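Take the two lone chains and join them into the complex the hints point to.
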Amino acid sequence: MRAAQATIQNDLVEKGNSISLLLIDDNPLVLEMIKKLLKKTHYELLLADDPFDALCSLVENKPSVVFIDAAMSKLNGYQFCALVKAQAKYQYIPLVVVLEYANKVEQAKALAAGADAVLVKPFGENELLNIVEVTGGK
Amino acid sequence: MNPLYEATKVLGFYCDNLVLMLEQAPENYCNAEVKNEKELAIIDAKKYSAQLALLEPFYSPMGIKKRYPSFQNSVACLGRKASRIIRNKLFY
Chain X
1 MRAAQATIQN
11 DLVEKGNSIS
21 LLLIDDNPLV
31 LEMIKKLLKK
41 THYELLLADD
51 PFDALCSLVE
61 NKPSVVFIDA
71 AMSKLNGYQF
81 CALVKAQAKY
91 QYIPLVVVLE
101 YANKVEQAKA
111 LAAGADAVLV
121 KPFGENELLN
131 IVEVTGGK
Chain D
139 MNPLYEATKV
149 LGFYCDNLVL
159 MLEQAPENYC
169 NAEVKNEKEL
179 AIIDAKKYSA
189 QLALLEPFYS
199 PMGIKKRYPS
209 FQNSVACLGR
219 KASRIIRNKL
229 FY
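Chains X and D are the protein sequences, given in the same order.
1 is the number of the first residue of the first sequence in the working numbering; add one for each residue after it.
139 is the number of the first residue of the second sequence in the working numbering; add one for each residue after it.
So here's chain D without its partners, still in its complex pose (with noise of 0.2 Å):
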């Protein structure tokens, strides 16, 4: 097998992963009882995007970006929504 081939791949379903997660983010703020739960799915939700970010380089010439046109996008607007919730919760 072509290591590139593989690598895609498992990359791939990494970065699905956390596409998920950050989507999952600003619902476990939202249900979360306690302050430290809270503060916890802001930094999880700060983590996934920066993982994302960073791992761009590596996904955006190979295959994610062709399931998903506008990936940077989706990540960007979840990013916005996730820190909107978020901010509301916060401070109103």
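For reference, chain X alone in the conformation it holds in the complex (with noise of 0.2 Å):
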């Protein structure tokens, strides 16, 4: 596991580009929560509590990737990706729902709404690493 898991790291890393990654939750706790599932790699984490800051830091920073959670309380993560996916500029930029359960509607609701991939909580170090090669790492 820990093998494989270094070598998606490697790959990305070889590919000679800095990767960053958008997580934005309102549960402070969470993102702690995946900062800490990813110390050891070396990606660059921008951490967003509120899905507006997380607009803004999308428009300065153009993430590699970016994480939403599904249930915000003032922007979902459909709505996000609603918005990101309606500007052109930014319609390359992979979005990544993050769903509290596997539900097969609210994984289609999400895709429709423009996400590139869906992940299910509770996730490990592995997954997130999988899901950054599979859409940021192309």
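In short, the hints are calculated from the structure, not lab data.
One or more of the hints may lead you astray.
[Unchecked claim] Distance condition first, Cα-Cα at most 35 Å in a straight line; then the derived DSBU-like pairs of lysine-lysine:
#, chain 1, residue 1, chain 2, residue 2
1, D, Lys147, X, Lys62
2, X, Lys74, D, Lys147
3, X, Lys39, D, Lys176
4, X, Lys89, D, Lys147
5, X, Lys62, D, Lys176
6, X, Lys36, X, Lys85
7, X, Lys74, D, Lys176
[As the list claims (entries may be wrong)] For each label pair, taking beta carbons as the anchor points, the in silico distance ranges come out as:
#, chain 1, residue 1, chain 2, residue 2, range
8, X, Val134, D, Glu165, 48 to 56 Å
9, D, Met159, X, Ala112, 32 to 40 Å
10, D, Lys185, X, Glu127, 34 to 42 Å
11, X, Lys62, D, Cys168, 34 to 42 Å
12, D, Lys147, X, Leu111, 19 to 27 Å
13, X, Glu60, D, Met159, 16 to 24 Å
14, D, Asn169, X, His42, 44 to 52 Å
15, D, Leu158, X, Lys121, 35 to 43 Å
16, D, Val172, X, Val105, 52 to 60 Å
17, D, Glu161, X, Lys62, 29 to 37 Å
[What the hints assert, rightly or not] To give an idea of the chain X side of the interface with chain D (calculated C-beta under 7 Å), a few residues:
#, residue
18, Phe52
19, Cys56
20, Met72
21, Leu75
22, Tyr78
23, Ala82
24, Ala86
25, Gln87
26, Ala113
27, Asn130
28, Val134
If you're wondering where the values come from, they're calculated on a predicted model, not measured in any experiment.
Note that beta-carbon positions come from the ideal geometry of N, C-alpha and C, so glycine has one too.
As structure tokens, then:
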């Protein structure tokens, strides 16, 4: 498992691009948990507990991949995806919607709103790395 | 409901609120009695105008610009007005 993770990370680093991840969740504890999960990686982590701050961060930093919690109070993950994907300038940024539980309806809703992938809680380091590889390591 | 429609509405309210707070910022500055509060008013004004500028790509093709035909001009004017008042207060 560890070897697989190291290979993925090395592949990403070898591509010569610094990979930045924008993590959006209105629960700071979840952000802290993801930060700990990715502590050993070389990714630049951008954390936002407010979706509007996150939109600003997206414009400023143009992250490689964005992880958005589906159930945020001010602006939910689906709305966030719809806003970003409506702008041609930012359509290329991969968006991953994070769901509380596996639910086909919610997954379909996320993809219809413009999400590139869906991640279901609880997830581990390996799942995060895989999804970054698939979406952002292009 | 269409998520883009909902998101546009929510963003509209958020930006309306930012504009109101930006309008309020020079007054907050003038009313502040402590230096620290004045500095906070300046920081807030800068934060609101920076946020509006960064959110611009998301609201400009949608409803907000229709509601505020000269939205960007208004923001720029407010920013100038705020900095003029603040400058006058700081140096004169």
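(request) Mind listing which of the numbered hints don't hold for this structure, in increasing order? (result) Checked against the structure, the hints that fail are numbers 3, 20, 27, 28, while the rest are satisfied.
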